[in-house]
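As you go down the protein sequences, you meet chains A and B in turn.
Quick note: the first sequence uses the numbering used here, first residue 4, plus one each step.
Quick note: the second sequence uses the numbering used here, first residue 881, plus one each step.
It is possible that part of the hints are untrue.
To be clear about the criterion: a stretch of chain B counts as covered by chain A if any three or more of its residues have a C-beta under 8 Å from a C-beta of chain A, and this derived list gives those stretches [as the list claims (entries may be wrong)]: (1) 1050-1061; (2) 1077-1088; (3) 1146-1153; (4) 1208-1214; (5) 1240-1247; (6) 1311-1324.
Some chain A residues flagged as far from chain B (calculated, every beta-carbon gap over 12 Å) [as the list claims (entries may be wrong)]: (7) 106; (8) 108; (9) 182; (10) 267; (11) 423; (12) 457.
Within a straight-line C-alpha distance of at most 25 Å, the following computed DMTMM-like cross-link-like pairs (lysine to aspartate or glutamate) qualify [claimed, not checked]: (13) A:420 with B:1342; (14) B:1297 with A:533; (15) A:180 with B:1342; (16) A:409 with A:369; (17) B:1334 with A:510; (18) B:1189 with A:273; (19) A:454 with A:443; (20) B:1334 with A:443; (21) B:1252 with A:119; (22) B:1334 with A:501; (23) B:1247 with B:1203; (24) B:1252 with A:176; (25) B:1334 with A:533; (26) B:1059 with A:501; (27) A:188 with A:277; (28) A:123 with A:176; (29) A:120 with A:132; (30) A:127 with A:50; (31) B:1297 with A:513; (32) A:576 with B:1134; (33) B:1294 with A:273; (34) B:1081 with B:1149; (35) B:1165 with B:1204; (36) B:1294 with A:501; (37) B:1247 with A:533.
Hints are computed from structural coordinates only; laboratory data are not their basis.
Every residue gets a Cβ at the ideal spot worked out from N, C-alpha and C, and that includes glycine.
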Amino acid sequence: MSDQVGTITWISGPVVRARGSKFVGMLELVEVGDERLVGEVIGLKGDQMTVQVYEETSGMQTGAPVYGTGLPLSVELGPGLIQSIYDGVQRPLPLIEEAMGSFINRGARFDSISREKKWKYIPKVKIGDAVQGGSVLGVAMETDTFEHRVMLNPDDSGVITWVASAGDYTVTDPIAKLRMGKEEKTITMMQRWPVRRPRPFKNRRGANIPLITGQRILDTFFPVAKGGAAGIPGPFGSGKTVTQHSIAKWADAEVIVYIGCGERGNEMTEVLQEFPHLVDPRSGRPLMERTVLIANTSNMPVAAREASIYTGITIAEYYRDMGYHVALMADSTSRWAEALREVSGRLEEMPAEEGYPAYLAGRLAEFYERAGYVDNLNGTQGSVSVVGAVSPPGGDFSEPVTQHTKRFIRCFWALDKSLASARHFPAINWLDSYSEYLEDVGAWWLEKTGKDWLTMRNRAMELLSEEARLSQIVKLVGPDALPYTERMVLETSRLIREGLLQQNATDSVDAYSSVEKQIRLLELALYFHERGMAIVKRGAPIHLIHDLPVVDMFIRAKSSITNEEMHKFDELKKQIDQQMGQLDAEYRS
Amino acid sequence: MSQITVQGGQEVVGVARIEGPILVVEGAANVSYDEVVEIQDARGQLRRGRVLEVGQGFAVVQVFAGSTGLSIDGTRVRFLGGTLRIPVAEEMLGRIFDGLGSPIDGGPEPLTDVYRDVNGQPINPTARIYPRDYIQTGISTIDGVNTLLRGQKLPLFSGAGMPHDQLAAQIVRQSTLGKVAGAPPTEGEEFAIVFAAMGVKNDVAEYFRKSFTESGALTRVTMFLNLADDPPVERVVTPRAALTLAEYLAYDLDKHVLVVLTDMTNYGEALRQISNVRGEVPSRKGYPGYLYSDLASLYERTGRIRTSKGSITQIPILTMPNDDMTHPMPDLTGYITEGQIVLGRELYYAGIYPPVTVLPSLSRLMKDGIGKNRTRDDHPRWGAQLYAAYARTQDVRALASVIGEEELSDVDQKYLKFGRAFEREFVNQAFTENRTIERTLEIGWNLLSMLPKKELTRVTLDEIAQYYKGDDAAN
Ligand SMILES: Nc1ncnc2c1ncn2[C@@H]1O[C@H](COP(=O)(O)OP(=O)(O)O)[C@@H](O)[C@H]1O
Ligand SMILES: [Mg+2]
Chain A
4 MSDQVGTITW ISGPVVRARG SKFVGMLELV EVGDERLVGE VIGLKGDQMT VQVYEETSGM
64 QTGAPVYGTG LPLSVELGPG LIQSIYDGVQ RPLPLIEEAM GSFINRGARF DSISREKKWK
124 YIPKVKIGDA VQGGSVLGVA METDTFEHRV MLNPDDSGVI TWVASAGDYT VTDPIAKLRM
184 GKEEKTITMM QRWPVRRPRP FKNRRGANIP LITGQRILDT FFPVAKGGAA GIPGPFGSGK
244 TVTQHSIAKW ADAEVIVYIG CGERGNEMTE VLQEFPHLVD PRSGRPLMER TVLIANTSNM
304 PVAAREASIY TGITIAEYYR DMGYHVALMA DSTSRWAEAL REVSGRLEEM PAEEGYPAYL
364 AGRLAEFYER AGYVDNLNGT QGSVSVVGAV SPPGGDFSEP VTQHTKRFIR CFWALDKSLA
424 SARHFPAINW LDSYSEYLED VGAWWLEKTG KDWLTMRNRA MELLSEEARL SQIVKLVGPD
484 ALPYTERMVL ETSRLIREGL LQQNATDSVD AYSSVEKQIR LLELALYFHE RGMAIVKRGA
544 PIHLIHDLPV VDMFIRAKSS ITNEEMHKFD ELKKQIDQQM GQLDAEYRS
Chain B
881 MSQITVQGGQ EVVGVARIEG PILVVEGAAN VSYDEVVEIQ DARGQLRRGR VLEVGQGFAV
941 VQVFAGSTGL SIDGTRVRFL GGTLRIPVAE EMLGRIFDGL GSPIDGGPEP LTDVYRDVNG
1001 QPINPTARIY PRDYIQTGIS TIDGVNTLLR GQKLPLFSGA GMPHDQLAAQ IVRQSTLGKV
1061 AGAPPTEGEE FAIVFAAMGV KNDVAEYFRK SFTESGALTR VTMFLNLADD PPVERVVTPR
1121 AALTLAEYLA YDLDKHVLVV LTDMTNYGEA LRQISNVRGE VPSRKGYPGY LYSDLASLYE
1181 RTGRIRTSKG SITQIPILTM PNDDMTHPMP DLTGYITEGQ IVLGRELYYA GIYPPVTVLP
1241 SLSRLMKDGI GKNRTRDDHP RWGAQLYAAY ARTQDVRALA SVIGEEELSD VDQKYLKFGR
1301 AFEREFVNQA FTENRTIERT LEIGWNLLSM LPKKELTRVT LDEIAQYYKG DDAAN
């Protein structure tokens, strides 16, 4: 039980001041008011402490007590995280609903992971083993197929003095004992970790394996590496959430952490209702069995929104430490930045740009720094890839959150309002986006597909930027003024835009494109171009190429050819050969 | 003031400072954050307010009716010990209230002992039901390409002088639970309507009242009116009062509720004013940094929950200052709501009603409420095709304005014709015209049939075979 450490002197929204600064530490978790609402000490000055409160403060009074806990804001880590949905400070939403009904009330206190549920545990160490922080002590099956590796807390090390036999245990049952110096410590499957402190690892590795998302414009054109960081900025309605959902569904990661940070309730409900019924194309298991959800929606307390990002990334690091590839989505980091701004404003701190506190850039950097492909303390390798959505006011990318984010990510997927208006989805502008991982992941593609992906990809990008240049001319003088060779560039670019870049997330075939399908489409588009160019150079009018039935077939291939029907691409190629061969023959003479 | 249930509370005579609608009151102990207060001026008149900030021995109070006529010494402030609550009851349907929930139709206070906090509480995402049932509004630009679902929040983005009120009235009048295309309509799926006016002129409120009367809906409508000449600060409470009643009707009484909020821009103004008086650090255009969270606390009170059969659907109306969609009010609204219906001046001047500019309009939930077994199998692709074709029309128009229509290619000429017909036949419809979903789909296919089949890559070949009516050879 915690002791009273202070008395409230001032309240403004989520920020509270109290006397009693001597009895708490910076970033200590405290309980505020008679209802003991959870809060965190974010400032100490004179005899005053400043606390951000993770729950609604309506009705709170000055003079009410503040209780200390002596602990920093932490998450509970252990089996049971997967398939959970939490609020920003890791309170399980289903239990809140069970206890309080459909609306979230104040003062809910629940264990983050179940104390009752038993897990089938198999020890991997024996008495006398010397173990270090991160060492795998045993494994527990977290789902039918997911192996949860129970690790020693990174701060501990010692010699095993007792090991539980294989069997069913709760997260608080002892599974081992450890001698640390003179002390003997009982180890359970659960550990706590302060969310604002990155979990340690041995060292960073280069990021040169792509995170395959099944989204063609990402994988083929602007890939992010496993352990990399990507930003996806865009005005409202341009596709940030749909893209993030698509990545959460189809990315080849073993664990997904999805943070709904200050966004819609319905979107979290959609994930909750959809993921248990969608099957992971790799494991054949429901997608929910690899997913952890954090939902601190726009109408939930703003300070807990600020914490949600840290809660999520700490959970991601924990699975990375086991040797897994984890992908984390944060939708939207702008709402998190606004939470910082709101709290900062209440503290009357000196604002920098657009009212954001001066430490905004530093916080963003700290967050994206926690992405990485690493050698873990226990010798395994794992990664955390981070994809952060950015919601720039008015869709203007020159605003502070977008600009600072750009400094800390290496992959930029720029959503474009006019593409979204024309229902070109994903509305990622291929001219404004970039990936700095291209060279890094080239070798992977070569090994995986046997094809020179990078050269092809760059060639396709060349055509697209050529198209952009030519379109400017067309806008001024109409297409007829262009020579056929340039019109051919326009034809192929259309093929690439409509047949490759466009991808309908709601179409069951098109939603996910295998790597093979992606490379086949790319290759065929370029092949079409090469043959077409040869023909128009011989003087064939461009409309003959435009009117070839294979154009339509190609554009429809994304949704008519499934990932299991690669042979149909041979058929498509044959069609190109036949139809273009005919033209070629006609104009050869 | 009779509906405030909390009794007693401490009273302070005299205030330390008055600034705009804000009072600083000293000498009160144990004041709660967000507590309701009752303020009595020197003449004994009462007004209400609420606590925005509390410190040791002082409280910052926002006065809903404004501070005109209040004096430093002659003002008494009584702290009522609880947050702002309003009574809720089914019999409030058919009645008219002011912006704080007091009757202004000459009728009595609602007879009930159910009082609810106007701030509401966030819905737990696990308790929600994802919306899937579409509402047939009878308006092609909505049903066809920006379908509205029960439990959705879909604002109208408009500008001064455009017919957003007519459109909202038409939606309210015509809305029924959607059926699969071709299915016969059924009776009795009527909405309860909660209407909140913030800072609009009396003729706007009167227009809606008349429209509700004419359609015979008046008995299922509750109106909360804060008009242009009512105190601006009160506007901060008005939508909250309306939504508090809506939640009761939907989640306690299982009704389907349609909430119309107009004009949210005036609501934003009121927030900005309070924030500026308090000297808060502004973000964009002087609006407070918490504008997004504040708007979300209104818009997110939409939806369906598992423990009730009812639903809340919201249609907020915003007039965009200078028709600028990047202004903080439409911008942050668009980030929170599940799409937007955008009215445009060009169409309006061209005499098109409703002047819905299709390209920037969006219904995010549409994909989940249409298609096979909901409207018709081809609907999603048909919609994407119409959008793609109409977007292309815009490019062609731009080109035509440079090189002249005659110089356009044959296909581009067809797009030009398609675009005109789309606006005149699909977008344009009479204020009294209530189109079925199959009629809307049919008009769309007629238009698409003006284009060569080859251009229609968003729909399937089977759909072309079934619905395409054009003479492709001539194309
Ligand atoms: N890849 C896609 N396929 C199909 N529709 C999409 C795709 N991306 C976006 N959309 C459409 O755009 C709408 C808005 O996307 P959303 O992700 O909600 O935008 P944001 O999060 O940027 O506000 C969606 O409701 C959907 O209709
Ligand atoms: Mg979104």
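Now for the hints, and whether the structure bears them out:
1. Counting residues of the stretch 1050-1061 of chain B whose C-beta sits closer than 8 Å to any C-beta of chain A gives 0, which falls short of three, so the coverage hint is violated.
2. Taking a C-beta to C-beta cut-off of 8 Å, the stretch 1077-1088 of chain B contributes 0 residues in contact with chain A, too few for the three needed, and the coverage statement is violated.
3. Look at the stretch 1146-1153 of chain B against chain A: 0 of its residues bring a Cβ nearer than 8 Å to a Cβ of that chain, fewer than three, so the hint is violated.
4. Closer than 8 Å: that is the beta-carbon criterion, and the stretch 1208-1214 of chain B has 4 residues meeting it against chain A, so the requirement of 3 holds.
5. Under a criterion of three residues with beta carbons nearer than 8 Å to beta carbons of chain A, the stated coverage of the stretch 1240-1247 of chain B is upheld, 5 such residues being counted.
6. Counting residues of the stretch 1311-1324 of chain B whose C-beta sits closer than 8 Å to any C-beta of chain A gives 0, which falls short of three, so the coverage hint is violated.
7. The Cβ of residue 106 of chain A sits about 4 Å from the closest Cβ of chain B, inside the 12 Å cut-off, so the non-interface label is violated.
8. Not every C-beta of chain B lies more than 12 Å from that of residue 108 of chain A, the closest at about 6 Å, which undercuts listing it as non-interface.
9. For residue 182 of chain A, the shortest C-beta to C-beta distance to chain B comes to about 43 Å, beyond the 12 Å cut-off, and the non-interface label holds.
10. A beta-carbon of chain B is positioned within 12 Å of the beta-carbon of residue 267 of chain A; the least distance is around 7 Å.
11. Interface exclusion of residue 423 of chain A from chain B breaks down, the closest Cβ pair being 8 Å apart, not more than 12 Å.
12. Listed as a non-interface residue, residue 457 of chain A keeps its Cβ farther than 12 Å from every Cβ of chain B; the least gap is roughly 29 Å.
13. Taking the CA atoms of residue 420 of chain A and residue 1342 of chain B, the gap is near 31 Å; set against the 25 Å cutoff, the hint is violated.
14. For the hint pairing residue 1297 of chain B with residue 533 of chain A, the CA-to-CA distance comes to about 35 Å; that exceeds 25 Å, so the pair is violated.
15. For a cut-off of 25 Å, the pair hint linking residue 180 of chain A to residue 1342 of chain B is broken: about 68 Å separates their Cα positions.
16. For a cut-off of 25 Å, the pair hint linking residue 409 of chain A to residue 369 of chain A stands: about 14 Å separates their Cα positions.
17. Only pairs whose Cα atoms come within 25 Å are accepted, and residue 1334 of chain B paired with residue 510 of chain A is accepted, the gap being roughly 21 Å.
18. Straight-line distance between C-alpha atoms of residue 1189 of chain B and residue 273 of chain A comes to about 18 Å, which keeps the hinted pair within the 25 Å bound.
19. The hinted pair formed by residue 454 of chain A and residue 443 of chain A meets the criterion: a straight-line CA distance of about 15 Å does not exceed 25 Å.
20. Taking the CA atoms of residue 1334 of chain B and residue 443 of chain A, the gap is near 40 Å; set against the 25 Å cutoff, the hint is violated.
21. Between the alpha carbons of residue 1252 of chain B and residue 119 of chain A the distance comes to roughly 44 Å, so the proposed pair goes past 25 Å and is violated.
22. For the proposed pair residue 1334 of chain B and residue 501 of chain A, the alpha carbon gap of about 13 Å is at most 25 Å, so the pair holds.
23. Between residue 1247 of chain B and residue 1203 of chain B the CA atoms are separated by roughly 28 Å; this puts the pair beyond 25 Å, and the hint is violated.
24. The suggested pairing of residue 1252 of chain B with residue 176 of chain A is violated, with an alpha-carbon distance near 51 Å, which exceeds 25 Å.
25. For the proposed pair residue 1334 of chain B and residue 533 of chain A, the alpha carbon gap of about 23 Å is at most 25 Å, so the pair holds.
26. For a cut-off of 25 Å, the pair hint linking residue 1059 of chain B to residue 501 of chain A is broken: about 33 Å separates their Cα positions.
27. For the proposed pair residue 188 of chain A and residue 277 of chain A, the alpha carbon gap of about 43 Å is over 25 Å, so the pair is violated.
28. In summary, the hint linking residue 123 of chain A to residue 176 of chain A is supported, as the alpha carbons are separated by about 12 Å, within the 25 Å threshold.
29. Between residue 120 of chain A and residue 132 of chain A the CA atoms are separated by roughly 28 Å; this puts the pair beyond 25 Å, and the hint is violated.
30. Pair hint residue 127 of chain A plus residue 50 of chain A does not hold up; C-alpha atoms about 50 Å apart against a cutoff of 25 Å.
31. Simply put, residue 1297 of chain B and residue 513 of chain A have alpha-carbon atoms about 32 Å apart, too far for the 25 Å limit, and the pair is violated.
32. Taking the CA atoms of residue 576 of chain A and residue 1134 of chain B, the gap is near 58 Å; set against the 25 Å cutoff, the hint is violated.
33. The straight-line distance between the Cα atoms of residue 1294 of chain B and residue 273 of chain A is roughly 40 Å, outside the 25 Å bound, and the hint therefore fails.
34. For the given pair, residue 1081 of chain B sits about 15 Å from residue 1149 of chain B by alpha-carbon distance, which is consistent with the 25 Å threshold.
35. Our distance criterion of 25 Å between C-alpha atoms is met by residue 1165 of chain B and residue 1204 of chain B, whose separation comes to about 13 Å.
36. With a C-alpha separation of about 21 Å, the suggested pair residue 1294 of chain B and residue 501 of chain A falls inside the 25 Å cut-off, and the hint holds.
37. For the hint pairing residue 1247 of chain B with residue 533 of chain A, the CA-to-CA distance comes to about 38 Å; that exceeds 25 Å, so the pair is violated.
Against the hints set out earlier in the document, violations occur for numbers 1, 2, 3, 6, 7, 8, 10, 11, 13, 14, 15, 20, 21, 23, 24, 26, 27, 29, 30, 31, 32, 33 and 37.
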